[in-house]
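Sequence lines, in order, name chains A and B.
Note that my numbering numbers the first sequence so that position 3 is 3, with each residue one more than the last.
Take any residue in the second sequence, count from 1 to its spot, add 103: that is its number in my numbering.
Simulated from the structure, these hints should not be mistaken for lab results.
Careful: at least some of the hints might be erroneous.
What the hints assert, rightly or not - In silico lysine-lysine, DSSO-like type, Cα no more than 27 Å apart, as pairs:
1) Lys551/B <-> Lys851/B
2) Lys10/A <-> Lys551/B
3) Lys70/A <-> Lys752/B
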Amino acid sequence: MIVCDFDVLKPEQGVAALRPDGSQVAVFLTADGTVHALDNIDPFSGAAVLSRGIVGDRGGVPVVVSPVYKQAFELATGKCLDEPSVSVAVHQVRVRDGVVELT
Amino acid sequence: MTQTLVVVGNGMVGHRLVEILRGSSWRIVVFGEESRPAYDRVALSSYVDSWTFADLELPALDGCELRLGEKAVSVDRARKVVVGSSGVEISYDALVLATGSVPFVPPVPGRDLPGCHVYRTVDDLDEIRATVEAADRPGRRSGMVLGGGLLGLEAANALRGMGVSPHVVELAPRLMPIQVDDGGAGLLKRLVEKLDLTVHTGTSASSIERDGSRLIAKLASGLELDLDVVVFSAGIRPRTDLDLGLELGPRGGYLVDAACRTSDPHVFAIGECAAVEGVTYGLVAPGYSMAEVVADQLSGGARVFPGADVSTKLKLLGVDVASFGDAHAQTEGALEVVVNNAVAGTYSKLVVSDDARILLGGVLVGDASSYLSLRPLVGKEVPAALLQPGGAVDVEMPADAQVCSCYAVTKQTITDAIQHGVACDVAELKACTKAGTGCGSCVPMLKKLLTECGVEQSKALCEHFTYSRAELFEIVQATQVTTFSALIEKHGTGRGCDICKPAVASILASLGNGHILGETQVSLQDTNDRFLANLQRNGTYSVVPRIPGGEITPEKLIVIGEVARDYGLYTKITGGQRIDLFGATVDQLPEIWRRLVDAGFESGHAYGKSLRTVKSCVGTTWCRYGVQDSVGLAIELELRYRGLRSPHKLKSAVSGCARECAEARSKDFGIIATENGWNLYVAGNGGFTPRHADLLVSDVDTAELIRIIDRFLMFYIRTADRLQRTAAWLEGLDGGLDHLREVVVEDKLGICAELETAMESHVSDYADEWRGVLEDPEKLARFTSFVNAPGVPDPTISFRAERGQRVPVSLGIPEVVR
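Construct the complete structure from the given sequences, taking the supplied hints into account.
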């Protein structure tokens, strides 16, 4: 599924994409050029807002921080660093011919 | 069987006794003549700042029977019964007299005339105020305070706070004759005379007469004073009008032994009404110490009164004065080391033994910062360095030295609490040792002991920057860095996080770097700033248009109503006198704002760490009681400071008279109108830890007011920690309110011009953030829910109806293990 042109992504920011089944994916571009995709729903609030979190790092690990209650989620694994028992699903994402796709 | 303790008197000392004994096996009954609960009489003059009794009130005590407004009229010691003014009879097993003192009024002819007052209780101050307000005189009012001691200067300060120019008349040849020597008093006089006081020493009032609405006082020196009010504060006398047939001390007071017990073993006396082994004390600390002695006796202990340290350190009219030990060098052969710097306005005298080895006492005026190190050294060997000109006074304090004299807390007790991990900041030290909770003068010493014990609170902003926010502010300003990436590359590590990114974005915005959603800033912003709206629990946002001062035309009100109706927004009036529209999705925000901007609205910055609103009452335009145009000023201030990014949100309010309908004293900066101009209060707070704002300047005109607010806000923005409101900032500021006043009013650091320039550029560069978004297609494009489906609403958001409006359906939150 096509998300958007790669140019639309901005470093250290996220966007949200709607999937045909109505679910949502948050897609992030980090400063080193890597693209990550996680479930957009923040498990702590239930709101579909992870794509609007601040992207950065904790101890060198790239994370997004939920804008609701500020828990950090590891971009590569979806693991919540503040509550190790919680995680969000990771989605496969690639960039092909300048287009970002979910696989 | 439960025994009954009756306490006669509900002042600070009686309150202290009950505080210690509550929870014990004693049933406690308190007779309080005043109808008010116990209050902090030491801080009486501060009542004038706010006229709010609650500011002075001591913590309420549960578990005792408080008979307020009931005077104990007689005691039958044979039956062990106290009779109250209502006729009630209470039997006691132990009786504690804590009746305090009465003001001494010298027998001046005319002393009973209307307009003559004493200075002792909150009611006295209310009466003085009524006299002052009724005075019919153009310009400043004039008053006389009889007595130039500690209490007299306090009273003079209270009069100044009411807009009265005080004459202070003291019989002795100098001010504060008990505590201060001639040299110190000379400087003190010079310093207080700069503050609109006129000091007459070595004379007394020989008569007071009424002349129409005025009072004319004739002084023994031949001078005549034309006055509106007279205040007697020429000392106090132990209050012993409750006659128990007990022996009194040589200078009055119920005579008690070192255990504070009278000749009747069931009757004790404490505080100012007690003559402990014949000696009376007029300070609160010895009174507290007596309360502790009696509490211990009543609990089966054998503690006795240890004698009192009558050292004092206080700030009178902004002038530091301290006196300790043998201040007047009365010890045989005592030597004095005096440094009198008339240029700097400081005076210090150390009194040492004849061989210059032992410190005996001292007097400090103008700068008493060394008091805390010196007082504990009294009776101990004096470091030689102290006796050199300009000698360092930063000397090691012995472990048994008393740090807090109000609660008799030693250095040892404090360092133990720190080293055993019981306390690691000032607040915790206060809670577990009580040190610093009395007069508060030892708080700087508590900070110092924390540092000495190695407790160091890291000031690092986060893992990416070792600097504090204030330091980063200076770096950004000095290096003129304009991007986060350049800053972190040079002065930090890693890529940044949700702590440092918004903090740096705020610093960049405070220094004026264009629109906060500019290319390099947008990724730093928290979601509220990023969408210029407030995120709510279901992922929607709320919208708050600016309504300066809470004033709005019907036409604009209708536009808000129409927008809310058309987008189905839940509508609520906020506490800041504006209207909050809830439930907008990211896609709807630009459409909503286009309509609002077209109707003349602009961003209300409800989402930002920036100025929120300036609330106002209706002021002189409509209100029968208003004395200034509060709405006009509120609008002017809100428009001046709108959009100003700061370490945390800023709230303000303007009240048009002392009735304070706008609740200005709960704000970061609050303004209350006076007949002569405006009073500015700063660092108030509601929220978790409510704090009444402190009076910074009074009776200033609008131009001066704005100049000082400009400086105050810019100084706060430069020096506060991240997410530190002005209240916490001021609490942590070294030197507190006085230091703040020195910086932003007296310009001691010489930075005021710079602070004002910074504010001027904020004002001239201001542009509405929402208009900036609507005019820029690139910024507008970010307001979509889905990058692959613009215009499709977020399917997780749904609403239900409640009381006729739409509210969010609670989301099916997955089970999260907490």
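Satisfaction of hint between Lys551/B and Lys10/A, Cα-Cα up to 27 Å: Distance of about 48 Å is beyond 27 Å: violated.
27 Å Cα cutoff - pair Lys70/A, Lys752/B: holds (19 Å)
Pair hint outcome, Lys551/B versus Lys851/B [Cα-Cα no greater than 27 Å]: holds (24 Å)
When the structure is compared with the earlier hints, a violation turns up for hint 2 alone.
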